[in-house]
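Given chain X's structure and the hints, the job is docking chain D onto it.
Just so you know, the protein sequences line up as chains X and D, in that order.
If you read the first sequence in the numbering used here, its first letter stands for residue 1, the second for the next number, and so on.
If you read the second sequence in the numbering used here, its first letter stands for residue 1, the second for the next number, and so on.
For the record, the hints were derived by calculation from the structure and aren't laboratory data.
Since this is a predicted model, take the numbers as computed values, not measurements.
All C-beta atoms in this analysis are idealised placements derived from N, C-alpha and C, irrespective of residue type, glycine included.
Hints are not guaranteed to be accurate.
If you want the ones that stay clear, here's a sample from chain X, every Cβ over 12 Å from chain D, calculated [claimed, not checked]:
1) Phe101
2) Glu188
3) Glu230
In silico contact screen, one side only, chain X against chain D (beta carbon under 7 Å); selected entries [what the hints assert, rightly or not]:
4) Gly86
5) Ala89
6) His90
7) Ala93
8) Ala94
9) Ala95
10) Arg99
11) Phe107
12) Ser109
13) His121
14) Leu122
15) Thr127
16) Arg128
17) Thr155
18) Gln194
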Amino acid sequence: MTLGAAVRDGGMGVGPNMNVLEVEGLTRRFGGLVAVNQVSFAVQRGAILGLIGPNGAGKSTLFSMIAGEQRPSGGRIRFDGRDVTGWTAHRAAAAGVGRTFQLMRVFGSMTVLENLVTAAHLRHRSTRAARRVAEAVCAELDLGGIAHHQAGKLTAASKKRLEMGRALATEPTLLLLDEVLSGLTPTESREATQIVRAINDRGITIVMVEHVMEVVMSLCHHLVVLDFGEKIFEGTPEVAVRDPAVLEAYLGT
Amino acid sequence: MATLEGQAPASLGAGPVPVTGPLRYRRWVFLIALAVLLVAYPRVFVSGFAQNVGVNALTFAVAATGWNLLGGFTGQISFGHAMFFGAGMYTTAVFVMAGMSPWISMLPAAAVAATLGVLIGLPCFRLRGHYFSIATIAVGVILLTVVTDRTWLGGPEGLTLPIKDETLWNLQFSLRDLTEYYYVILAIFAVVTGLSFLFVRGRAGRYVRAIRDDDRAAAAVGVPVRRYKLIAVALSGGITALAGSFQVMHALFVDPPSALDLSLSIQIALIAVFGGAGSLWGPLLGGWSIIFVQSYSSVHWQTPGRPVDLLIYGALITIVAVVEPSGLAGLFRRGWRNGERWLATRRGGGVHRVTVTGDRR
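Extracted from the complex, chain X is given alone in its bound form:
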């Protein structure tokens, strides 16, 4: 079966809705510290955008604001044609923003399948319908073998995969992946990369924070580079690796 919402907009949009996500002058201050400063960018429908930058550049804060977990101190977020600035996390999820957490946050006492059913309840009230979606996700992400394992006892790689599955089970339009490929063995990383690509092929737009440059280069259509909370580059991966500002941020001077 198809997983609904991803294709409910009929794939590529036209006109002003070409962009699933538009971030404008987004700022977040913690006291005197400016974690994210006047960042603007847009994500085209169906694209994979990579958000990279050194540690502490503000990537996770940016993610949190888009996912509704933190309120921006300034700027606007438009999602799917709607202004979602300052929305709470559960409203953002209902609007179609799915996310994973950098430090895995699975529902530890539940089984893998129950984690997915819980997420699927966002669009399906009945257990039966939610379960159908959960089983489809299970099959798609190859989680069937561990479907009845307790989520809290999984390996890190499995938890990351479950987090992707759980976000998918909410049938999102936009998926925010926070370092889902980091800390994996080469085999696990290859599999996860294929999963990300498969999700994107279904028409789900992806924004990913990632450190593994090899993966970023092969997966992302577009890159935004942050440093000290500011956007220092936006463009294709090929151009990024030759950009002096990017090189300086990563290698230092």
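Frame of chain X, contents of chain D only:
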């Protein structure tokens, strides 16, 4: 781990162990056996001691069932459930003294408790962490003082309810034998456990458990965290208030210490945790065991200041914490599971297969 890959999973509801085929009927066998035991109890054990234990155990099982919805399933630990119990006692006392049937008075009693819970939850559930737990202690202590000062609630002397005709409608029976009281509280327990089951098995139940496991992740999959915490505290308070309503009819008396003392809050929480937090049968198991130990020690080993039952409490809690953190219900479930596994292997495995998944602990 003995997960059988590719086999269709059988049930999501009850727990991590899906049971296929005729084994599922054992759940019904278990339920019916339990019902028979509970119904037969006051006919078999006719001593005053046994009947007292039965009535008190079920009263606290109802109170703990309320606690369990919030503390066990939703993960919001309350040290103030006496306020809901007390709200039930006082509201029912006031309405019954005004001439209302105690049955009808259970509605405002539950409503007062639910409102109280929501009022505490509204500010506290904005914050993450233990603020709610702390607030429940504080509000409990404040309420005790405030109620002691209210003359229309009887002040420190409390309220004594009028003795009326011994009818079911008046919820007053002969005290020569507690059988009628026992069956009334047993019926309330059945209703309340049924309610909890309905709440816990579907979407709402998954949502509150998601909140307990990780509230940030819950919000990220679209769970309106605060709303569900408020629903849980309202339901929890309402259920515990029913236990209070019954208690005041049984005692025909309420005063601040018997309704609102911190030790009552602790006892409710203790019973739920000891029986098994997050298990529907935990409160029943906890209620019977704790109340039995308490009554037995106070009758047979009573010394001034009652230190014996406290010692036993402590020992029991320690044993449960070390051996089985999910309480008596967890211990019970483990035994049940082993029994099923044993039966399955004895029958050759092929016919009635048990899919053992996840942990074995």
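Here's how the hints hold up against the structure:
Distance to chain D contradicts Phe101 (chain X) as a non-interface residue, since its nearest Cβ pair spans about 7 Å, not more than 12 Å. A cut-off of 12 Å between C-beta atoms confirms that Glu188 (chain X) is not in contact with chain D; the least separation is 19 Å. Every Cβ of chain D is farther than 12 Å from the Cβ of Glu230 (chain X); the closest lies at roughly 27 Å, confirming the non-interface assignment. Given the 7 Å rule on beta carbons, the hint for Gly86 (chain X) is violated: about 15 Å separates it from the nearest Cβ of chain D.
For the restraint placing Ala89 (chain X) at the interface with chain D, the shortest Cβ-Cβ distance is roughly 4 Å, inside the 7 Å limit, so the hint holds. A least Cβ separation of about 5 Å between His90 (chain X) and chain D falls short of the 7 Å threshold, and the interface hint therefore holds. The interface hint given for Ala93 (chain X) is met, as the beta carbon of that residue sits about 4 Å from the closest beta carbon of chain D, less than 7 Å. Proximity of Ala94 (chain X) to chain D holds as hinted, the smallest CB-CB distance being about 5 Å (cut-off 7 Å).
Interface hint at Ala95 (chain X): violated, since its Cβ lies 9 Å from the closest Cβ of chain D, which is beyond the 7 Å cut-off. Interface restraint check: Arg99 (chain X) against chain D, minimum CB-CB distance 5 Å, threshold 7 Å, status holds. The criterion of a C-beta within 7 Å of any C-beta in chain D is met by Phe107 (chain X), whose closest approach is roughly 4 Å, and the hint holds. The criterion of a C-beta within 7 Å of any C-beta in chain D is met by Ser109 (chain X), whose closest approach is roughly 5 Å, and the hint holds.
Proximity of His121 (chain X) to chain D holds as hinted, the smallest CB-CB distance being about 5 Å (cut-off 7 Å). Hint status for Leu122 (chain X): holds, given a least beta-carbon distance of 4 Å to chain D, under 7 Å. Taken as an interface hint, Thr127 (chain X) checks out: its beta carbon lies about 6 Å from the nearest beta carbon of chain D, inside 7 Å. For Arg128 (chain X), the suggested interface contact is broken, since its CB lies about 10 Å from the closest CB of chain D, more than 7 Å.
For Thr155 (chain X), the shortest C-beta to C-beta distance to chain D is roughly 13 Å, which exceeds 7 Å, and the interface hint is violated. About 21 Å separates the beta-carbon of Gln194 (chain X) from the nearest beta-carbon of chain D, more than 7 Å, and the hint is not met.
Violated hints, in rising order: 1, 4, 9, 16, 17, 18; the structure is consistent with all others.
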